[in-house]
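Protein chains: 2
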Amino acid sequence: MASGDVIEIIGLIAAALTTSGFVPQVYKTWRTRDVGGLSFWMYLALFSGTVLWLIYGIYTESRPIILANIVASTLTFIMLVFIFIGKFRR
Amino acid sequence: MASGDVIEIIGLIAAALTTSGFVPQVYKTWRTRDVGGLSFWMYLALFSGTVLWLIYGIYTESRPIILANIVASTLTFIMLVFIFIGKFRR
Numbered sequence: 001m002a003s004g005d006v007i008e009i010i011g012l013i014a015a016a017l018t019t020s021g022f023v024p025q026v027y028k029t030w031r032t033r034d035v036g037g038l039s040f041w042m043y044l045a046l047f048s049g050t051v052l053w054l055i056y057g058i059y060t061e062s063r064p065i066i067l068a069n070i071v072a073s074t075l076t077f078i079m080l081v082f083i084f085i086g087k088f089r090r
Numbered sequence: 001m002a003s004g005d006v007i008e009i010i011g012l013i014a015a016a017l018t019t020s021g022f023v024p025q026v027y028k029t030w031r032t033r034d035v036g037g038l039s040f041w042m043y044l045a046l047f048s049g050t051v052l053w054l055i056y057g058i059y060t061e062s063r064p065i066i067l068a069n070i071v072a073s074t075l076t077f078i079m080l081v082f083i084f085i086g087k088f089r090r
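For the protein sequence lines, the chains are A and B, in the order given. Position 59 of the first sequence, counted from 1, bears residue number 59 in the working numbering, the numbering being contiguous throughout. Position 42 of the second sequence, counted from 1, bears residue number 42 in the working numbering, the numbering being contiguous throughout.
Don't read these hints as lab results, they were simulated from the structure. Hints should not be assumed to be uniformly reliable.
[Unchecked claim] To spell it out: a stretch of chain A is covered by chain B in this simulated footprint if at least three of its residues, at any positions, have a beta carbon under 8 Å from a beta carbon of chain B; those stretches are:
no., stretch
1, 4 to 17
2, 24 to 33
3, 53 to 59
[As the list claims (entries may be wrong)] Non-contacting residues of chain A with respect to chain B, defined by C-beta distances greater than 10 Å in every case (computed):
no., residue
4, L67
5, F77
6, F84
7, I85
8, K87
[Said to hold, decoys possible] With a straight-line cut-off of 25 Å between C-alpha atoms, the simulated SDA-like cross-links for lysine to any residue are:
no., chain 1, residue 1, chain 2, residue 2
9, A, K87, B, T29
10, B, K28, A, F82
11, A, K28, B, L80
In this text the structure is predicted, and so the values were computed from the model without any measurement. Don't be surprised by glycine CBs; every beta carbon is placed ideally from N, CA and C.
Using the sequences plus the hints, can you model the full thing?
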């Protein structure tokens, strides 16, 4: 059974990946303005979900979950704005 | 301070949103075959991250985290396949 530290590290790496993971998409959409293939509903669900995970993380006092979802909710919000602007600018 | 049940429900709703959130994107990409604006690197990071979250959830015995990341890793894997096929079929 993995020790507490190893579990915490797995959580922090998972948090980093599922958070930083949005950065390449934000960058690509910023660069290409191509929102055609992007699902507004996905980013709306991911934004609402990450806000709820943030609340869950605060109540369960879990640093990896809090850290991941502050950043992920911000990045998914940015994607919502890009998609919203992209849909109405055409 | 929210009770244990409320926290568990928040976690389950968050899990449902950040899991089912990928479904509209999988459906849209399946229907439109439009992968041009999608970031391969995002889905690679999200897939690896959700697999690590799954391991974290198993070690911390957290049902919401296990549930969310079994489905999310499957859906992000499907997106990776779509993007991979889309990039090489053009």
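Which hint numbers does the structure go against, in order from smallest to largest? none
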